[in-house]
Each structure stands twice: as C-alpha cells, then as structure tokens.
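Undergrad: Each protein sequence line maps, in turn, to chains X and U.
In terms of our numbering, the first sequence opens at residue 1 and continues consecutively.
In terms of our numbering, the second sequence opens at residue 1 and continues consecutively.
Worth flagging that the hints you see were computed from the coordinates, not collected in a lab.
The structure presented is a predicted model; accordingly, all values stated were derived computationally and were not measured.
There may be inaccurate statements among the hints.
[Said to hold, decoys possible] Listed below are several chain X residues computed to face chain U (Cβ distance under 8 Å; list not exhaustive):
no., residue
1, Asp-45
2, Arg-49
3, Gly-52
4, Asn-56
5, Arg-204
6, Ala-236
7, Val-254
8, Val-255
9, Arg-258
10, Met-261
11, Thr-264
12, Asn-288
For every residue, glycine included, the Cβ atom is placed at its ideal position computed from N, Cα and C.
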Amino acid sequence: MNPASENFDEMYAPDGSVRPAYAGFCDWYDTQDTKWLQRKDAEADDSFRRTGITFNVYGEDEAEERLIPFDMVPRVITAREWRRLTKGIEQRVSAINSFLYDLYHRQEIIRAGRVPARLFQDNAAWLQQMVGFTPPGGIYTHIVGIDLVRTGPDEFFVLEDNARTPSGVSYMLENRETMMNMFPELFAQVGVEAVSNYPRRLARSLAACAPVATEGKPKVAVLTPGVYNSAYFEHAFLADQMGAELVEASDLRVVGGRVQMRTTRGFEPVDVLYRRVDDEYLDPLTFNPDSVLGVPGIMDVYRAGGITIANAPGTGVADDKAVYSFMPEIVEFYTGEKPLLPNVETWRCADKDSLGYVLDNLGELVVKEVHGSGGYGMLIGPTASKREISEFRKKLTANPENYIAQPTLSLSTCPIFTKKGLAPRHVDLRPFVLVSPNGVDITPGGLTRVALKKGSLVVNSSQGGGTKDTWVLKE
Amino acid sequence: MLGRTANGLFWMFRYLERAENTARLLDAGIRMALTRDLATAEDEWRSVIAAAGQKAAYEANHDTYTGAEAWNFILRGKDNPANVREMFGAVRQNARMARNAISGEVWEAINESWMRLEKMLARPIGQGSVSEVVRMIRLAGTLVHGALAGSMLRNEGYHFARAGTFLERADSTARILDIKYYLLLPSLNYVGSSLDNGQWDTVLRSVGGDRAYSWLNAGQMDARGIVEFLVLDDRFPRSLAFCHGALRDHLFALARLHGADAESNQLMREADIALSDISVETIFDQGLHDFLVNFEASNAEIGQAIAQDYRFLA
Numbered sequence: 001m002n003p004a005s006e007n008f009d010e011m012y013a014p015d016g017s018v019r020p021a022y023a024g025f026c027d028w029y030d031t032q033d034t035k036w037l038q039r040k041d042a043e044a045d046d047s048f049r050r051t052g053i054t055f056n057v058y059g060e061d062e063a064e065e066r067l068i069p070f071d072m073v074p075r076v077i078t079a080r081e082w083r084r085l086t087k088g089i090e091q092r093v094s095a096i097n098s099f100l101y102d103l104y105h106r107q108e109i110i111r112a113g114r115v116p117a118r119l120f121q122d123n124a125a126w127l128q129q130m131v132g133f134t135p136p137g138g139i140y141t142h143i144v145g146i147d148l149v150r151t152g153p154d155e156f157f158v159l160e161d162n163a164r165t166p167s168g169v170s171y172m173l174e175n176r177e178t179m180m181n182m183f184p185e186l187f188a189q190v191g192v193e194a195v196s197n198y199p200r201r202l203a204r205s206l207a208a209c210a211p212v213a214t215e216g217k218p219k220v221a222v223l224t225p226g227v228y229n230s231a232y233f234e235h236a237f238l239a240d241q242m243g244a245e246l247v248e249a250s251d252l253r254v255v256g257g258r259v260q261m262r263t264t265r266g267f268e269p270v271d272v273l274y275r276r277v278d279d280e281y282l283d284p285l286t287f288n289p290d291s292v293l294g295v296p297g298i299m300d301v302y303r304a305g306g307i308t309i310a311n312a313p314g315t316g317v318a319d320d321k322a323v324y325s326f327m328p329e330i331v332e333f334y335t336g337e338k339p340l341l342p343n344v345e346t347w348r349c350a351d352k353d354s355l356g357y358v359l360d361n362l363g364e365l366v367v368k369e370v371h372g373s374g375g376y377g378m379l380i381g382p383t384a385s386k387r388e389i390s391e392f393r394k395k396l397t398a399n400p401e402n403y404i405a406q407p408t409l410s411l412s413t414c415p416i417f418t419k420k421g422l423a424p425r426h427v428d429l430r431p432f433v434l435v436s437p438n439g440v441d442i443t444p445g446g447l448t449r450v451a452l453k454k455g456s457l458v459v460n461s462s463q464g465g466g467t468k469d470t471w472v473l474k475e
Numbered sequence: 001m002l003g004r005t006a007n008g009l010f011w012m013f014r015y016l017e018r019a020e021n022t023a024r025l026l027d028a029g030i031r032m033a034l035t036r037d038l039a040t041a042e043d044e045w046r047s048v049i050a051a052a053g054q055k056a057a058y059e060a061n062h063d064t065y066t067g068a069e070a071w072n073f074i075l076r077g078k079d080n081p082a083n084v085r086e087m088f089g090a091v092r093q094n095a096r097m098a099r100n101a102i103s104g105e106v107w108e109a110i111n112e113s114w115m116r117l118e119k120m121l122a123r124p125i126g127q128g129s130v131s132e133v134v135r136m137i138r139l140a141g142t143l144v145h146g147a148l149a150g151s152m153l154r155n156e157g158y159h160f161a162r163a164g165t166f167l168e169r170a171d172s173t174a175r176i177l178d179i180k181y182y183l184l185l186p187s188l189n190y191v192g193s194s195l196d197n198g199q200w201d202t203v204l205r206s207v208g209g210d211r212a213y214s215w216l217n218a219g220q221m222d223a224r225g226i227v228e229f230l231v232l233d234d235r236f237p238r239s240l241a242f243c244h245g246a247l248r249d250h251l252f253a254l255a256r257l258h259g260a261d262a263e264s265n266q267l268m269r270e271a272d273i274a275l276s277d278i279s280v281e282t283i284f285d286q287g288l289h290d291f292l293v294n295f296e297a298s299n300a301e302i303g304q305a306i307a308q309d310y311r312f313l314a
C-alpha cells in the first residue's frame, strides 16, 4: 500500500517501501486485524474521556469539554535524526536565553547593529521592570517548546519558538501512556525511548533554579488561572506528577518578603513558581492596577531574590515572529556558530522591499501576524479565495509591520489511521526543552500535531488538529 | 495542603454524600408509591420532597405531587438548583479543583460516574428507568468510597474527605428523622400496637437501614426502637452516633497531624458528651424535634469551625 503524495512521507518512500524508522511499527501493523484496530481506536477516546484529558471550550451557553483527537499511528524519529535535532535545539535555546539576558542588560546585539532596537521598543511583551535584573541562575526560559517542521529526509526547520508558557506536554505523556496500555506488545517489539520521566526532570530542573531565599528543599508550585482555563487539565496533571502544589493567585500572598501560599497550617513560602498565566496576570501592582487578578507585590519579591518565576516575566519579548526572523543572526551572535537548525525563510513586511515582494506573491505565501498564535489571523495563500486575498492585502498594506510572510512549505506527512486504512496527513513536532544552570535537557519525544483534514496544513487543536504519540527510537 | 484544596475535598465528599442520600430518599419514595393508591402516593411524594428540603422550590412551580414530576424535579429539575445532577456536577468540579490531592483512581471513579449520570440525566426520567438511575447514584458513592479506601494516602486530605462525608451524613439522617418524626410520635402511646408499619419502614428505607434494623430487632417495629437505632446505635453506619464517632476520629487525626487541638475538636467533644449521655427516653421526654434541631445546629457549628481552623477560605 502506498498512499502516494508529492510531499515527503515519513513512513513510505516514493517507491512504496517502508522507511527504516517505521519498519518495526509496520511489521506489527501488518499482522493486526483492522476490525480490532477500529475497536481500539474507539477505546482510546473513551480512555481519554475517563481520565479527563480534555480541554475546555467556552461557547455562548455552557462550558464544553472537548477531546483533542488522538491518532494511533505513532510518529517515529530515528536515534540519528534525534541526535541532530537535539544539538540544534540546544544551540537555539541557549541563544534565546543569552539574547534575553542581553536585551535586559547591555544590549550588545543592538549596539553591534545585528538586530534593530525596534525589536524590543515596539514589543508589548517588553518589561521595563526586568532591566538590569538577573533572574535566579541567569535563566529566563525554563521551559521552551520548539515547533519543528520537516520537508525532506534531512530537512528540519524551526517554525516557531514558544518561550512563554508552552503547552501540550501532558499530551506527550498521556498519548504514550494510552499507546502502551492499548498495544503493550508493540513496545516489546520496538525499542522506544521513554518520556514518562518528564515530570521528574521538570521538577529537578525547576528546583535547580531556586532563589537565594530558599531554605531546605525548594518548594515548587504550579500557578494556574483556575479550573475554567482551557489548559487546566495540564496544569493539574503536571502539579500532580511533580508532587507540587497547584495554586491560584488567590492562594498566594506576600508575607514577610516572601510569596506564601495559604495552607491548612497557615502561610508557607513558595520558592519556585511555575506559572501558567501570562505576565499581565502576575502582579496587579506592576502590570494592571485595575486588575484584581494576580499576587500584589510578587514582582518586588522576585526582584529581591525571594522567588523564582518560570518562565521569567518579560520572556515573551523573544518569541514573537519579528524576533523569529532574526534568529539566525541571534544564534550566530551568541554562540559564534552557524545555526544547526534553519529557520523557515521569512520576509519581514516592515521592510519596504520585502513588503513589495509579499504583496506581489500573496497567492503563494503564508502571511502571519507578528504577535499572533494558535493559527488565527493568518493567510494561507494557495488555499485562500480571491476575496480573502484581497481583504488580507488591505490589512497588510495598512499595517505592514504587523506581519511576516513565509513560503508555503511542502510539509512532511505521516499516515493516520482511517476507516479506509492508512492515509497521509501533514504533521509538525514540538519537543519540550528544560533549561537550568545545569544545562539544557530535552526529553526524547514531543508533541506531534497532525492536520486531520486531507491536504490541510493547519495542525492547531483549536482548528481541528489531532495528536500522535511521538517515538524516538533507541540506538 | 492548601486551604482551598482542603475545602474542595471536604465539599466534594459532602456533595457526594448528599447525592447518595437524596437517591436513598427517592428509592424509599418509589417503593412506598408503588404499594399505595394514588392519594397516599401523593402524600408520600410530598414527604419525600420535604425530606429533601426542597418543598418551597417544588411548590413554586408545581401544583401537584406525582411520581414522575417529583423524581424529575429531584434528579434533574432546571427549577431546582439543588438537583442531583447539579450535586454531582459540584462533586466533579471540586474533584477537578483538588485534582492533585486525590488519587487517579478516585478521580476516575468520580469522572466515570459523572459521565454516566450526565448521560442518564440528560433526558426526562420515566417510570421504567428511575430505579436504575437511583441505583447508579448509589453505585457512584460506592465506587468513589472504595477507590478512596484503597488508593488514598492517609494524609490530611483523606481526613478532610471523610470528615465531609460523615458531617453530611449525620446532617441528612437527622433531617430525615426530623421531617418524619410525626410518624413516630403517636407510637409512644401505642407501644406494641399495629400502627402503620409501612410508614416506619419508609423512614428506615430512606437511610438504607430497613434490613439492618430488622436483623437487629427481629422485625419489632416501634418508635423507641427506630429512634434508638437511628440516633444511638453506633453499629449502624448512618446513625447519628456512628457518624459523630467517625467525624470525631477524623477531626482528631487532623489535630494530631497539625499538632494542635482546634476549635472544631472542642465543639466535637461537647457534641460527643451531649450524644453519649442521653437515652432514648430522655430524647422523647425532651421532644425528638427539639433534640434534632439542636443536633443539626451543633453539626453546622462544627462544619464552620473546620473551615475556620484549616483556612478553607481567604
């Protein structure tokens, strides 16, 4: 069977043979009864619902809990490919951390003329309060999600750096758990690197960034906006798996120069706060005096070395798409090396010449908002109607510095399981990267998102994407 | 543990208990109504709604008491903010809030039960399925308590969960007894006579104690026996004495874990004395209703003290 496709398919070579990475899976798959697999497919959904791995969607009437569709066919990466990827990711993540330190200190990269000052001046995520301050251990980006796409056997590109509060790691863990429950014999046949120790690695990595004020074993807490947040399941899941407290801002208060949580015994200090809330909900005194959300005074405690906030406030300045377009320069400036992982070619519409090119070629390009996310507010030229293109042209001309453009990549595909057998669909990959003074730690695996609609390039779960278990093969 | 999490655990189990007790009430009502003519069935449903503490809400929107109206109101009535569906939603929401303080098994027991009940309660419940719904609600309690017993660390979280269970259960037994006390009162003058045993049977059935009572009393139905059983017999797991004994143990365990005797322990000791020094004769002399009103008030005070002692709220 060869679901032919003009894109690079990760399972099948153009001649229809199975690529080595997938040989183990296909050997197993070919001996399975299709009916039985279909039953298993339905079981997987039940299992996700039962364990409550859902995300909340709020419509006009009632809250609804949805499942992110799960596909049973794993996404496989060989040990050799993974080694290459991790080197590139390490280099990139170290550069981002150095870039943030530099931006909030001497700004040498700007003095050297390698990136323009408007990168931070025009950036809403820039935080004046962070200037001159060094977070504990010098770490800004404790947890990073790097979005990768693939176009050929050795062609991986970075599509996006998620340096604020990347989500989705619970799916990496639960997808594997589900696969192992459903097909234990498959894992006996194929050697796959474990991902289940991610929460322990996270707890260790966070503890290694504890502030000077810490007494004894660092106390870690996960800060969630609350039970109504769309990613609440993940917040609770990570806290549970790490053995950390799951706190809301209303549980926290500044007492005696420390951020303390209200426990049944009274107030107890928190050393490291893994926050899953945006900067502006951290401290009403700093960010939004009218807001009742957040912990009044937490930024003062932070600046005095009383708490570690992960990721550091103001980190968002490094993860918009304008900064992305300068990543090759940024990597080279701080590491002295050429980037190991290339960017997708990017036109900054803020530049006159680039804008001209983009306007002339809208039909072939993908145009994105600089600060956008979630796959919203973008134009996919090749699939857009004439009207959509002309409407987008107006928005773009009115506000060019708000956009970047990229070529439409021929993204790789990986088969999904359908009623009619395997069928190729586009995928991306988000490995999860931990940074501490002890170094960069990358769990072998990640979140593979898959566009479930035939031919679709949009993998976002908010727009009909699904997920797969991601396998990194053992040597 | 966070005060907010302790609050979540405590209320998760109060709501679970409340849902289960409501199901037991309904069960008794269904049984009674089946063996009655229409007129007495109407009385029975009125008394079930009253025992559930939902008389005012019911009568605001309903002119008559029929079985289907009554059980749909109790189970899923949109005009009843305290319907079982809402209670179970509150169980699950509190469980989500305290997710990292309960074991995965407890969470799955709650979540699966919730999914099943949501499905059942999405549409009006007919005569043919009401018993099955009631059974599912009871089964949910059994599953969750079983998961708790078998998988939870015996830390403070466990004791908050159990304290919530027994406080709510004591409250519920007292309330049911109070609503039905008029059935028991005349019997003082009719000891041994053949008053309506069916009515007494409902009282026992409402708290799932009909078989246990018969077994202990060889089928001898009288007011004295029933009140003694439901108030003072610490072998019956829904009696006031049993619930208070269990509540006391969990509150003392909490005090031990926190290294300090708290207000709730003090109140508990006083309530203990009040309950252990009394005989069923004294209760009748003093008046069953007054006795129960005092009991419920002291129960409520203990609940407030727990919330205060362990910083449930900011």
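Undergrad: Indicate, hint by hint, whether the structure satisfies it.
TA: Against the structure, the hints:
no.: 1; hint: Asp-45; in the structure: violated (12 Å)
no.: 2; hint: Arg-49; in the structure: holds (7 Å)
no.: 3; hint: Gly-52; in the structure: holds (5 Å)
no.: 4; hint: Asn-56; in the structure: violated (10 Å)
no.: 5; hint: Arg-204; in the structure: violated (18 Å)
no.: 6; hint: Ala-236; in the structure: holds (4 Å)
no.: 7; hint: Val-254; in the structure: violated (14 Å)
no.: 8; hint: Val-255; in the structure: violated (13 Å)
no.: 9; hint: Arg-258; in the structure: violated (16 Å)
no.: 10; hint: Met-261; in the structure: holds (6 Å)
no.: 11; hint: Thr-264; in the structure: holds (4 Å)
no.: 12; hint: Asn-288; in the structure: violated (20 Å)
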